[in-house]
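Visitor: Next come the chains, spelled out residue by residue.
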Amino acid sequence: MANSNTMFTTADFIPVTRAAIIQEILDSPLKINLMELGFLPGKTITLHHSAPLGGPMAFKLDESILALRKTEASLIEVQLL
Amino acid sequence: MPELTTPSLVKSPKIAIIGNPNVGKSTIFNQLTGLSQKIGNYPGVTVDKKTGWMHYHGSSYEIIDLPGTYSLYPNSEDEIIAHRVLNQLNELERPEFVLMVIDSCQLSRGLFLATQLIDLGLNLALVLNMADIATRKNIAIKSFEIFKALGVPILSTDARGEKGLDQIRELIHHQNFSKKSSFITIEEVVDANLLAEVQKKFKLSNSYQAYQMLRFGEKDKTYSQEDRAWIKSKLAETNFDLEKSQLEETKIRYRKITAIVEKAVVKTPDIKQESGIDKILLHPVFGYVIFGAILLLIFQAIFAWASVPMDLIDGFFASFSGWVSNALPEGVLTSLITEGIIPGIGGVVIFIPQIAMLFGFLAILEDTGYMSRVVFLMDRWMRPFGLHGKSIVPLVSGVACAIPGVMAARNIGNWKEKIITIMVTPLMSCSARLPVYIILIGLVVPDEFILGIFNLQAVALLGLYLLGVVGVFMTAFVMKHILKSEEKSFLMVELPTYRAPRWLDVLLTMYNKSKTFVFEAGKVILAISIILWVLASYGPPERMDAIRAEAQVKVEAATSEEQIAEIENETSSHLLENSFIGIMGRAIEPAIKPLGYDWKIGIALITSFAAREVFVSTIATIYSIGADTEDELTIREKLNQQINPETGEKVYNTATAFSLMVFYAFAMQCMSTLAVVYRETKGWKWPLIQTVYMTALAYFSALLVYQILS
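If you read the protein sequences in the order shown, they are chains Y and L. Residues 1 to 81 in my numbering are what the first sequence lists, from first letter to last. Residues 1 to 710 in my numbering are what the second sequence lists, from first letter to last.
Calculated from the structure, these hints are not laboratory results. Glycine residues also receive a C-beta, built at the ideal position from the N, C-alpha and C atoms. The reader is advised that the hints may include incorrect statements.
Said to hold, decoys possible - The calculated lysine-lysine pairs, modelled on DSS-like cross-linking and capped at a C-alpha distance of 27 Å, are:
| # | chain 1 | residue 1 | chain 2 | residue 2 |
| --- | --- | --- | --- | --- |
| 1 | L | 256 | L | 179 |
| 2 | Y | 70 | L | 484 |
| 3 | L | 263 | Y | 60 |
| 4 | L | 38 | L | 14 |
| 5 | Y | 31 | L | 221 |
| 6 | L | 163 | L | 38 |
| 7 | Y | 60 | L | 488 |
| 8 | Y | 60 | L | 256 |
| 9 | L | 279 | Y | 60 |
| 10 | L | 256 | Y | 31 |
| 11 | L | 251 | Y | 60 |
| 12 | Y | 70 | L | 279 |
| 13 | Y | 31 | L | 219 |
| 14 | L | 650 | L | 593 |
| 15 | L | 682 | L | 221 |
| 16 | L | 142 | L | 267 |
| 17 | Y | 31 | L | 480 |
| 18 | Y | 43 | L | 267 |
| 19 | L | 480 | Y | 70 |
| 20 | Y | 60 | L | 137 |
| 21 | L | 244 | Y | 43 |
| 22 | Y | 43 | L | 142 |
| 23 | Y | 43 | L | 256 |
| 24 | L | 232 | Y | 31 |
| 25 | Y | 31 | L | 234 |
| 26 | L | 219 | L | 232 |
| 27 | Y | 43 | L | 137 |
| 28 | L | 267 | L | 137 |
| 29 | L | 200 | L | 180 |
| 30 | L | 251 | L | 234 |
| 31 | Y | 43 | L | 148 |
| 32 | Y | 60 | L | 267 |
| 33 | L | 279 | Y | 43 |
Said to hold, decoys possible - So the derived label-pair ranges between C-beta atoms look like this:
| # | chain 1 | residue 1 | chain 2 | residue 2 | range |
| --- | --- | --- | --- | --- | --- |
| 34 | Y | 28 | L | 415 | 12 to 22 Å |
| 35 | Y | 27 | L | 256 | 15 to 25 Å |
| 36 | Y | 19 | L | 60 | 44 to 54 Å |
| 37 | Y | 27 | L | 451 | 56 to 66 Å |
| 38 | Y | 28 | L | 587 | 56 to 66 Å |
| 39 | L | 262 | Y | 19 | 17 to 27 Å |
| 40 | Y | 28 | L | 341 | 53 to 63 Å |
Given only the sequences and the hints, what does the whole structure look like? Please build it.
Guide: Written out as structure tokens, the structure reads:
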């Protein structure tokens with residue numbers, strides 16, 4: 001990958017322990033659920049853990065760890081740090 | 001008629017406790033109310049209504065524990081309840097005060113809900129819980145800044161809910177809650193005229209209540225048809241985008257909250273990361289190994305510890321019914337009490353040790369924060385079968401007993417995944433199947449070792465457990481394709497910080513779950529026990545009388561005690577054969593013959609519906625082994641001697657025994673489970689479907705096994 005410092009992607013592509021800044025939550029019926037939990041543009045998230053074989057991903061957001069499935073994580077647009 | 005005047009009771013104030021999930025809300029509720037809790041139902045949903053009383057300085061306060069929620073936008077059943085209680089139109093039902101519990105480490109998420117409560121115009125006080133954990137994480141909170149911004153009283157407590165608890169009691173006692181005008185201006189998002197109109201129509205006290213009504217009133221079936229239609233027409237008239245308004249509201253609210261949090265929270269960088277434990281517990285290999293080991297430990301404990309109280313309960317009810325039958329005059333009523341009602345109640349009570357212990361362990365796993373990790377680990381493996389990560393809890397419980405398993409399925413938010421979980425959980429091999437398996441395996445599987453290490457009997461037993469697991473996943477997979485649901489499945493769970501379990505909460509969970517089971521499912525179980533008793537003790541009178549008369553003659557002619565005992569055993573066997581159940585057993589014989597069963601086994605299949613382990617005692621009665629069924633060897637020997645009069649071969653040959661075991665592995669033969677499924681699904685539809693499909697599965701699998709082996 002060329003310049004990973006300014007790379008834009010979705011949260012399901014964040015490598016483990018890497019941090020990223022949320023840019024936008026994509027439109028979907030789950031958008032409001034994600035926002036309620038605190039996934040808001042401007043926040044920093046870190047991938048804490050990832051379950052094997054495409055299982056859920058656990059993100060660190062503020063002081064909490066939140067687990068999402070890959071499909072939900074793909075709704076979060078981020079910029080890798 | 002003179003008018004009756006009742007002295008008006010002083011109504012005790014009602015206080016609702018609300019908060020995000022995992023903030024220690026229930027701990028505070030438990031500390032305030034102790035054993036005075038009452039569990040009821042909200043109409044139409046399976047969410048438990050938890051209320052309790054707090055007595056303080058001579059006054060009483062009613063406390064309501066609302067389910068954890070992130071917002072007042074109802075997504076799950078839990079959130080619908082929180083939404084409904086707080087938006088209650090009926091003033092009498094609405095809580096006067098709301099105590100909102102916030103996790104000090106998750107301030108902004110907590111304030112999101114708190115500010116919604118402010119906007120609803122509720123009398124509010126905030127509790128910043130887990131202050132000690134925040135300190136440990138180097139987070140300092142200036143409560144005064146929050147107070148300045150919100151204007152509602154704020155207290156702080158520690159994670160165990162001990163420190164600061166007296167302050168909470170004082171606050172409630174002095175009704176030190178306060179109502180603020182509003183936090184955000186909802187008119188920024190929604191047309192003011194529309195809100196004013198809704199507010200006027202439903203006599204609401206502010207525009208945010210009007211917004212909530214507009215947003216959710218149409219879907220809430222507790223409102224009248226006309227009101228819902230009115231809201232619907234208004235929405236169509238103004239061409240109003242509800243979802244967009246909600247997103248807009250969320251953004252505005254979080255923007256204002258972020259400004260407060262920036263002022264109120266001072267965070268020094270955290271030096272030690274707490275992810276060390278997760279490195280092991282969520283490890284792609286060790287994570288699963290550890291989970292397996294914990295399960296093994298729990299089952300070991302349940303089988304070892306629960307059997308002691310279970311034997312005591314069993315013995316107590318047996319001797320109690322013996323005592324009653326001696327104390328009361330002989331007659332139908334006495335025999336109904338001693339053979340129908342007392343064993344029926346005993347049959348309910350006997351499950352308490354298992355249910356209580358299983359829920360105790362589940363509460364510990366939940367409270368320490370481990371359970372969410374299990375959901376995280378298992379979700380990937382459950383999803384292809386139409387199940388959810390959260391389905392693992394019911395399935396695992398099912399190995400001990402399906403009843404707590406089905407009860408635990410209510411945590412699954414998605415309707416389809418919840419129904420599938422409830423439908424397949426009873427296929428897990430529960431402990432009631434064990435006595436049946438043990439007798440039959442002992443009969444046909446030699447006690448030998450293969451390859452020097454594996455005991456054949458143990459291998460057979462393990463095979464039966466695996467058969468249950470295979471049944472679960474195959475059935476779930478089929479149901480996934482049959483059931484239709486618009487609802488999108490998703491997983492959003494918090495993995496909370498690890499901590500030691502709070503024992504009071506664990507004990508109260510055990511107590512409350514057992515109580516719910518006894519009082520809710522107990523009624524159905526008792527009713528079915530009585531019906532089964534009637535069917536087993538009555539038959540066509542002339543036949544029954546003839547058997548009794550014949551026995552009388554024989555007893556008079558008998559010379560020794562042993563002879564009398566033998567005659568009595570024979571008589572009870574004859575009586576059972578000719579009872580209504582016996583007649584039913586004969587009636588189903590043509591249907592079960594291809595499975596290798598005779599009508600005697602047919603009787604046992606019918607009585608097993610009370611509970612699977614009844615198979616053993618029924619078999620004992622049919623083959624007149626006598627009351628002492630403790631001795632498995634005698635039963636085994638007797639069964640081994642049974643010869644089929646037509647073929648001259650053993651009745652319990654390998655093919656029949658395996659066919660029976662497979663039948664017991666799959667058949668729905670537990671009225672207690674059915675009663676619980678009825679309670680959890682709010683109707684007879686699903687328990688009926690479950691009985692039909694499981695019986696069909698059992699029948700055809702047993703047929704296949706018998707035809708292959710014989």
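Visitor: Each hint: holds or not?
Guide: A quick look at each hint next to the structure:
| no. | hint | verdict |
| --- | --- | --- |
| 1 | 256(L) / 179(L) | 19 Å, holds |
| 2 | 70(Y) / 484(L) | 23 Å, holds |
| 3 | 263(L) / 60(Y) | 22 Å, holds |
| 4 | 38(L) / 14(L) | 14 Å, holds |
| 5 | 31(Y) / 221(L) | 25 Å, holds |
| 6 | 163(L) / 38(L) | 25 Å, holds |
| 7 | 60(Y) / 488(L) | 24 Å, holds |
| 8 | 60(Y) / 256(L) | 23 Å, holds |
| 9 | 279(L) / 60(Y) | 14 Å, holds |
| 10 | 256(L) / 31(Y) | 20 Å, holds |
| 11 | 251(L) / 60(Y) | 21 Å, holds |
| 12 | 70(Y) / 279(L) | 20 Å, holds |
| 13 | 31(Y) / 219(L) | 20 Å, holds |
| 14 | 650(L) / 593(L) | 15 Å, holds |
| 15 | 682(L) / 221(L) | 16 Å, holds |
| 16 | 142(L) / 267(L) | 11 Å, holds |
| 17 | 31(Y) / 480(L) | 26 Å, holds |
| 18 | 43(Y) / 267(L) | 16 Å, holds |
| 19 | 480(L) / 70(Y) | 21 Å, holds |
| 20 | 60(Y) / 137(L) | 14 Å, holds |
| 21 | 244(L) / 43(Y) | 21 Å, holds |
| 22 | 43(Y) / 142(L) | 22 Å, holds |
| 23 | 43(Y) / 256(L) | 15 Å, holds |
| 24 | 232(L) / 31(Y) | 24 Å, holds |
| 25 | 31(Y) / 234(L) | 25 Å, holds |
| 26 | 219(L) / 232(L) | 9 Å, holds |
| 27 | 43(Y) / 137(L) | 19 Å, holds |
| 28 | 267(L) / 137(L) | 8 Å, holds |
| 29 | 200(L) / 180(L) | 21 Å, holds |
| 30 | 251(L) / 234(L) | 25 Å, holds |
| 31 | 43(Y) / 148(L) | 25 Å, holds |
| 32 | 60(Y) / 267(L) | 16 Å, holds |
| 33 | 279(L) / 43(Y) | 24 Å, holds |
| 34 | 28(Y) / 415(L): 12 to 22 Å | 19 Å, holds |
| 35 | 27(Y) / 256(L): 15 to 25 Å | 24 Å, holds |
| 36 | 19(Y) / 60(L): 44 to 54 Å | 51 Å, holds |
| 37 | 27(Y) / 451(L): 56 to 66 Å | 60 Å, holds |
| 38 | 28(Y) / 587(L): 56 to 66 Å | 57 Å, holds |
| 39 | 262(L) / 19(Y): 17 to 27 Å | 20 Å, holds |
| 40 | 28(Y) / 341(L): 53 to 63 Å | 56 Å, holds |
Violation of the numbered hints given earlier is absent; every hint is satisfied by the structure.
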